[in-house]
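Participant: As given, the protein sequences belong to chains A and B, one line each in that order. In this note's numbering, each residue carries its 1-based index in the first sequence increased by 328. In this note's numbering, each residue carries its 1-based index in the second sequence increased by 328.
A pair holds if it fits inside one copy or across any two, identical chains being indistinguishable in the list.
Simulated crosslink set (EDC-like; lysine to aspartate or glutamate; CA at most 20 angstroms straight-line):
1) 416 x 484
2) 416 x 493
3) 416 x 494
4) 713 x 561
5) 713 x 568
Keep in mind that the hints were calculated from the coordinates and are not lab data. Note that the structure is a prediction, hence the values are computed from the model and not measured.
Protein chains: 2
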Amino acid sequence: MNDRSGSKPGYGQNQASQLPRIVILGAGFGGLTCARALQAAPAEVTLVDQRNFHLFQPLLYQVATAALSPADIATPIRRILRNQINAKVVLGHVEAIDRQERTVRLRENGRLVAYDILVIATGARHSYFGHEDWEAFAPGLKQIEDALDIRNRVLDALERAEATEDADERQRLLSFAVIGGGPTGVELAGAIAELAKIELAQESRTMHGLAAHIVLIEAGPQILPVFVPSLADKARRSLEQLGVEVLTNSMVEHCDSEGVIAAGKRIEARTLIWAAGVAASPAAQWLDVEPDRAGRVRVLGDLSLPGDPTVFVIGDTAAVYRPDGRPVPGIAPAAKQEGNYVAELLLRRLNGSVSIDGRGGAAGMQAQPEFHYHHAGDLATIGHKSAVLDFGWIRLSGLLAWLLWGCVHIFFLISFRNRMVVMLGWLWSYFASDRGARLITGSGREL
Amino acid sequence: MNDRSGSKPGYGQNQASQLPRIVILGAGFGGLTCARALQAAPAEVTLVDQRNFHLFQPLLYQVATAALSPADIATPIRRILRNQINAKVVLGHVEAIDRQERTVRLRENGRLVAYDILVIATGARHSYFGHEDWEAFAPGLKQIEDALDIRNRVLDALERAEATEDADERQRLLSFAVIGGGPTGVELAGAIAELAKIELAQESRTMHGLAAHIVLIEAGPQILPVFVPSLADKARRSLEQLGVEVLTNSMVEHCDSEGVIAAGKRIEARTLIWAAGVAASPAAQWLDVEPDRAGRVRVLGDLSLPGDPTVFVIGDTAAVYRPDGRPVPGIAPAAKQEGNYVAELLLRRLNGSVSIDGRGGAAGMQAQPEFHYHHAGDLATIGHKSAVLDFGWIRLSGLLAWLLWGCVHIFFLISFRNRMVVMLGWLWSYFASDRGARLITGSGREL
Chain A
329 MNDRSGSKPG
339 YGQNQASQLP
349 RIVILGAGFG
359 GLTCARALQA
369 APAEVTLVDQ
379 RNFHLFQPLL
389 YQVATAALSP
399 ADIATPIRRI
409 LRNQINAKVV
419 LGHVEAIDRQ
429 ERTVRLRENG
439 RLVAYDILVI
449 ATGARHSYFG
459 HEDWEAFAPG
469 LKQIEDALDI
479 RNRVLDALER
489 AEATEDADER
499 QRLLSFAVIG
509 GGPTGVELAG
519 AIAELAKIEL
529 AQESRTMHGL
539 AAHIVLIEAG
549 PQILPVFVPS
559 LADKARRSLE
569 QLGVEVLTNS
579 MVEHCDSEGV
589 IAAGKRIEAR
599 TLIWAAGVAA
609 SPAAQWLDVE
619 PDRAGRVRVL
629 GDLSLPGDPT
639 VFVIGDTAAV
649 YRPDGRPVPG
659 IAPAAKQEGN
669 YVAELLLRRL
679 NGSVSIDGRG
689 GAAGMQAQPE
699 FHYHHAGDLA
709 TIGHKSAVLD
719 FGWIRLSGLL
729 AWLLWGCVHI
739 FFLISFRNRM
749 VVMLGWLWSY
759 FASDRGARLI
769 TGSGREL
Chain B
329 MNDRSGSKPG
339 YGQNQASQLP
349 RIVILGAGFG
359 GLTCARALQA
369 APAEVTLVDQ
379 RNFHLFQPLL
389 YQVATAALSP
399 ADIATPIRRI
409 LRNQINAKVV
419 LGHVEAIDRQ
429 ERTVRLRENG
439 RLVAYDILVI
449 ATGARHSYFG
459 HEDWEAFAPG
469 LKQIEDALDI
479 RNRVLDALER
489 AEATEDADER
499 QRLLSFAVIG
509 GGPTGVELAG
519 AIAELAKIEL
529 AQESRTMHGL
539 AAHIVLIEAG
549 PQILPVFVPS
559 LADKARRSLE
569 QLGVEVLTNS
579 MVEHCDSEGV
589 IAAGKRIEAR
599 TLIWAAGVAA
609 SPAAQWLDVE
619 PDRAGRVRVL
629 GDLSLPGDPT
639 VFVIGDTAAV
649 YRPDGRPVPG
659 IAPAAKQEGN
669 YVAELLLRRL
679 NGSVSIDGRG
689 GAAGMQAQPE
699 FHYHHAGDLA
709 TIGHKSAVLD
719 FGWIRLSGLL
729 AWLLWGCVHI
739 FFLISFRNRM
749 VVMLGWLWSY
759 FASDRGARLI
769 TGSGREL
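Generate the whole structure from the sequences, applying the supplied hints.
Facilitator: Right, here's the structure in full:
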């Protein structure tokens, strides 16, 4: 492999015997797509992540509501890359980045990973807008552990409602509030409604006839704000058919162990879930640059850091805008497009006359085409028989939209095995209204 | 329903308006089988468990070695019993039993569950024979959480071996010791060997060519002591082909974070797993009776507590013997037979002339047929292409035995969905050598 690199121009700042080192932080949709698109690159690609698996986040709410198991939506990174000989995987937590020395320091024994090119794709966490103390009452949903935590809370509340003989307490235990009316909030509220229905109507002896009370609380005037009002209305009606109460124009002002206060009104609910906001990972801090209001790193049109063509930032960590000034949304297709764009840019540098770090080479700095985001459409699902979908040229709601949503998600699930398991699990749950993963784990080991 | 009970004789000690209350503690193989066999009984059946799911323990080692997900081998108890109208499920931890008052006290708010008949089927935990401090170094495998803990330890050791540059440290990280050569130990050792092979040979860039070192340590002269020596030998050779070193006549004398001392010899291994012994749940203590050496409750030939025909003890919690004096083994078929036996005995009491509590009724105490254990056979699997199997009339080893083992286990998995998922997962892993559930979870959330 070293022969190949030695015969190419443009590696002036590396040792002649070494391939350029492309280090990608984060194996989410952006980072993983970038790594895979560099498959044929004459470079040494290192993918760093704190977890050993890639997570298919759009289906995480199905783990939180016991329809899927963690392994159904998570794939070991090494397996995804096992046939890519120029890639290796490093598990670790980023602690600092030294742009002078071009190294990433990991928390694990202070290990240093040297780069010629750095691609930062470390995603986002949920944000409580300064009310971090709410997290204890209203957990968010970003990682596998969050999903299992929410699953345990929901199932535990249903079990405790079954056990109590106090009717008021039972009603509080059967009340759930989901905060945030974006796709995650809508999907969670619908799935919790269905889960509670199974537990209450079909399998409980003592709660027959009781109904759970699920409230979806949105600060803005409309749930699913990215959708046109007519589709958002259809989603709202589908939710209401499942028994979900939808509150709009209701900014949450307070959370505690007994409920929330939204728009001045107290809502009793023993189980709260936060789906209201995200904040970027601390990449700006690592890079020592000023983040935007949402904590994201501002980038140039080619997704590189202003003044440093060796560093790229993509996905939820980057502040990227469309030509009309609207932000590129924080969804998987956007992150994947950005990952592909950066990979193509690097391939051009590797194969062309520009140095890999963009700082010279035979022909000097060339003008690169800027990143252009293509918005394929918006999708959200409500329960397991309805969805809303807007592809621009087509708008759908109801069962047909749900089936299309299912196909799209299964298609994009990375591993074949996962596709098969998820598909069969869905077919089964569609016909049997089953929830196979209703396990309360992580407690009660004493007996 | 009360009309039916009112028209039957033998409920003298209950209120006439109430069905006899059969309370079953534990929803393992014994308790669940007993509950289901009472489906047609004119009784109120209450199944108490600390977890909301039934666990198919024989496949737990596959969760520990990343081949299956928890939900593949666990089924919500309420779902299993959802069509059984005389049964209800209570989640709780047993704290005490009052045989005078005929109540079980649960830890949850001191809740009391009243019984006319009590069936105790609370199983066993692993035992360290007085060395409970070894548990921190050598976790055992009885519950879902144990399996996930072991899975995390094994995968984490492989990842750290990949990360280190110290060759000695790497070898220690790649060394695994399984203590106990019964079926669980044999199955774990084989599965870890295969898992390590995938990680090392196929997916790691830096450890290509390195081999993991797996030691199986058995105190007795033979692994799989219930098998005839010729089959145990075949199992040993299958293990050795997978790269497992088998040490017999090696009693473990010490465990620490760096390995074990067995038969005076130090064995370095960063990851230890305990599969050497079990102790019964504290039922003897609840009942205030003297347990046997393994902590089990001694029972009469009809599995009832001596002197108290209202209490039965079954499964791993009971000391039950065959006519030749050998103990009934602690395996699922034995627990299920005992559960069925007690259910039949209770059905006879309910339909006959004996009082439900066995203490009188029209014809007084009748002679009941004693429990008779039928041993169908022994099975153990080594890796994913070999097994040993002894049904008495037939003895098999190798691939054919493995296929039979697979069929037997899939057949007995309780829910149809689980059967389907496990079967497909196995077919897939058989053809692709895949390990879909290789997720390190529960850590590393900080980024």
